[in-house]
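So the protein sequences, as listed, match chains X and D.
Residues in the first sequence are numbered consecutively from 1, following the numbering used here.
Residues in the second sequence are numbered consecutively from 1, following the numbering used here.
Worth flagging that the hints you see were computed from the coordinates, not collected in a lab.
There's no promise every hint is true.
To be verified - Sample of chain X residues facing chain D (criterion: CB under 7 Å; computed from the structure):
| hint | residue |
| --- | --- |
| 1 | THR198 |
| 2 | TRP200 |
| 3 | GLY212 |
| 4 | ALA213 |
| 5 | GLY218 |
| 6 | ILE219 |
What the hints assert, rightly or not - Which chain X residues face chain D? A few, computed with CB under 7 Å, are given here:
| hint | residue |
| --- | --- |
| 7 | TYR197 |
| 8 | ARG199 |
| 9 | ALA206 |
| 10 | GLU209 |
| 11 | HIS210 |
| 12 | THR216 |
| 13 | VAL217 |
Stated by the list, open to error - Each computed SDA-like pair below joins lysine to any residue, with the alpha-carbon atoms no more than 25 Å apart:
| hint | chain 1 | residue 1 | chain 2 | residue 2 |
| --- | --- | --- | --- | --- |
| 14 | X | LYS124 | D | PRO76 |
| 15 | D | LYS67 | D | LEU28 |
| 16 | X | LYS333 | D | PRO76 |
Since this is a predicted model, take the numbers as computed values, not measurements.
We put the CB at the ideal spot given by N, CA and C, even for glycine.
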Amino acid sequence: MEKTISRPGLSALLEKLRGSRALLVIAIAVGVLISFLTNGDITTAVLSSALRQSTPLVLGALCGLLGERSGVINIGIEGQMLMAAFMGFLANVYTGNLIIAVTVGVLTGALLGALLAFMSVTLKMDQIIGGTVINILALGLTSFFYQQGLTTHGKLQPIELGPLADLPVIGRVLFSNPPITYASLILIFVVHYVLFYTRWGLRTRAVGEHPGAADTVGINVKMVRYINVIIGGGIAGLAGAYLTLEAVGSFERAMTNGRGFVALAVMIFGKWTPLGAWGAALLFGFASALQTQLQFGGSSIPHQFIGMLPYFLTIVVLAGVGGRSRPPAAVGKLYQPE
Amino acid sequence: MDISIVVLQANGITKRFPGVLANDHVDLILHRGEILALLGENGAGKSTLMNMLYGLYHPDQGEIWIKSELVRLRSPHDAIARGIGMVHQHFQLVPVMTVAENVMLGAEISGFGGRLNHRAAEQRVRNLSQQFGLEVDPTAVIEDLPVGMQQRVEIIKALYRNAEILILDEPTAVLTPQESDELFRIMRELAQQGVSIIFITHKLREVLEVADRISVLRRGAVVGTTTPAESTREALARMMVGRDVILQIDKGKARPQEVVLRVENLAVEDDRRQLAVKNVSFEVNGGQIVGIAGVQGNGQSELAEALTGLRRYTAGHVTLLGETMNAISPRRMVNMGAVHIPEDRHKHGLVLGYPVVDNMILTDYYRAPFSRGFLLDRASIQAYAERLVRQYDVRTPSIFVLASQLSGGNQQKLIVARELARKPKVIIANQPTRGLDVGSIEFIHRQIVAARDGGTGILLISAELDEIISLSDTILVMYRGQLVASVPAAEATREGLGLLMAGVHADAIERA
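Please take these sequences and the hints and turn them into a complete structure.
What follows is the structure, given as structure tokens:
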């Protein structure tokens, strides 16, 4: 049931904006097509960059929404990503094996997920505090132990998917990517399927909406929360591994640069659904790519303003969508059986 | 139907909590296809007993036999596996999911990789609906359904798990009279088909209407078992409370004085800024009880909040004791001599984390003799609280016990004591006896009538028809934010009011 509430002024404007989301997508698609016909190389570069920028965001959002769908707010995505990026980087430095490095990153994220679950489910701590603890911990540890001058053994390279990679525009953008990017695309659909079409997903959502109802039919509320938060942590770990092992190839202090928090915004904009989050992440990634391109393009607008574009877009979009999307009812609440 | 088969038997069940003997050697027998009413006041041990049958608590002593097999129920899981289903007083349904999803949750029909089979679940729900006459759309989303319908989903949930013994915990507390009648029809239908039902309640009328047998619980022990044919309301009430109870409030004729509260064309919006009270006008005289009847959620809460300064009204006038109020502030109202017994005693009535003594002075803490300068006078506060606790029969081990540790009835008595001790000229009482036991209800009703006889004007808002009819001098019926009828109490009937509350127009009743 859609509950429509008429509100005056600015909110009415935003209301209209919501309806025009489909229109926005079409406008972007048309714009891309025209620009491709005029300048193919730049367009492909912008789209590839959009996908690259969106990858850590959508992974972070998947982490956030697995937690929140089961009733646990994860504000520590930033810290999970950063720590995983660092550990993955160290593993790469000392073993030289990228597969081991990625695994280490994922496990680091999962371990921090287990820590968050322990704090918020077992110790019954305030979940915001728990997440903040992880963020501060990760920033402190990685900055303290990071030494300059460590050399890595390369980074993950793009894999071309045969003839698909030769298709115009989308071939280069979609079918010529490194492995974590492919993995993230697959994960979006897997998480979506699990959450909405399987027994586990039904139980997870029930625990996030009404843990009492789940408990009285014999579902182990604590276990469901633990597992979801740990798997989410692993996915955030993959996002961290993406940064050091696939995108950059090395580590810098605080290199996540707020992506964990933007991922939360992406999750909300996507209405706590994986596909929605993907759309939101792509929009943000596209704005970032466009921003970079405009700065290179020598536009007369001061670069500070162009640099605001992705963030400005996030604010507008979040304000516009905030009223209608509804978080899981029991999110952030401690479950205390009678 | 062979009713002689015993499906459940409890022998000598005893359960102790620190300081309380909740169940004292309770024996209980339930036959196949039988509706057994478990009657008792709040705190009599009904819920404890049922929680043990549902595996949530474990008895300290005693045995539970299900279908002549001695069982140990360690968790609800065990109870469900033994064919016991429970419909909790607060529904355990996920509001944003469909009926079928809620029914199958925890016992899903699924295929490869846990893929849910919605269609099979929906069909199962439809079959159960048909078999037991529980009509409900399996694809409907719970939050769109009325309360009575949600309760059916809970019953289907139990039947889906093959429950043969159904425990209904205070199932009528949230229903309209019509919905209750519908529930009783369903209960009889279920019993007819061999389901055994334990029906927990403290409402005497319902027990006599629907039960096959009645067991009465008092202070943790079964004090008697009887049948509706052999019993009367008075006799049941006596068993339940342990003394004679005056069910019909003994009140003389009202002697109305001048108008103390006048409401004209009042309009109030709810939290979603929809008009919840529309153009409402009425008067309350001193020495008179005006009752507002209505199904919950028809604007009564908003009306009460507006009149007590907890919510702004958007249009209209309120005149209190001859003074026109432009904006009502709770403190100004209290100072003028109007008091409020709020609907939600936990949210608006008490500070649960405060002891009884501090709750007693919530309205007057800032003035003499409780406060001197900016210091509280503990001695006079404690003396005052001790006196009120005695006078209003608030049962508490001491005045330093937290309000949260009192039973609902005693919490409500605490509020009534605090407010009525101020000798108010106007009382706005919203659901003053909701969820209370017969003894407490009787006590509070007597206090309200005594206040009326002392010349106080009382606005009584209640969804409980019996309460409205027995207390009020004039009855107003509220439906969708409007007052749709005004009936002198002497002419009111349950049926007539029930129809008005359901939105059937007054003229239609007269014509019929």
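Hint-by-hint comparison with the structure:
For THR198 of chain X, the interface hint holds, the least distance from its beta-carbon to any beta-carbon of chain D being 4 Å, beneath 7 Å. Proximity of TRP200 of chain X to chain D holds as hinted, the smallest CB-CB distance being about 6 Å (cut-off 7 Å). A distance limit of 7 Å between C-beta atoms decides the matter here; for GLY212 of chain X the minimum to chain D is near 5 Å, and the interface restraint holds. Nearest Cβ of chain D to the Cβ of ALA213 of chain X: about 4 Å, under the 7 Å cut. The hint holds.
Proximity of GLY218 of chain X to chain D holds as hinted, the smallest CB-CB distance being about 4 Å (cut-off 7 Å). Interface hint at ILE219 of chain X: satisfied, since its Cβ lies 5 Å from the closest Cβ of chain D, which is below the 7 Å cut-off. At about 6 Å, the closest approach between the beta carbon of TYR197 of chain X and any beta carbon in chain D falls short of 7 Å, and the interface hint on this residue holds. Among the interface hints, the one on ARG199 of chain X holds; its C-beta lies about 4 Å from the nearest C-beta in chain D, closer than the 7 Å criterion.
Contact between ALA206 of chain X and chain D, as hinted, is supported at the beta carbon level, the nearest pair being about 5 Å apart and thus within 7 Å. The beta carbon of GLU209 of chain X is positioned within 7 Å of a beta carbon in chain D (closest approach about 5 Å), and the interface hint is therefore held. The restraint placing HIS210 of chain X at the interface with chain D holds, with a minimum CB-CB distance near 5 Å, inside the 7 Å limit. A least Cβ separation of about 5 Å between THR216 of chain X and chain D falls short of the 7 Å threshold, and the interface hint therefore holds.
With 7 Å as the threshold, the beta carbon of VAL217 of chain X comes within range of chain D, its nearest partner Cβ sitting at about 3 Å, so the hint holds. Of the supplied pair hints, the one linking LYS124 of chain X and PRO76 of chain D holds, its CA atoms being roughly 24 Å apart against a limit of 25 Å. For the suggested pair LYS67 of chain D and LEU28 of chain D, the alpha carbons sit about 13 Å apart, so the restraint of at most 25 Å is met. A distance of roughly 23 Å separates the Cα atoms of LYS333 of chain X and PRO76 of chain D; the hinted pair therefore holds under the 25 Å criterion.
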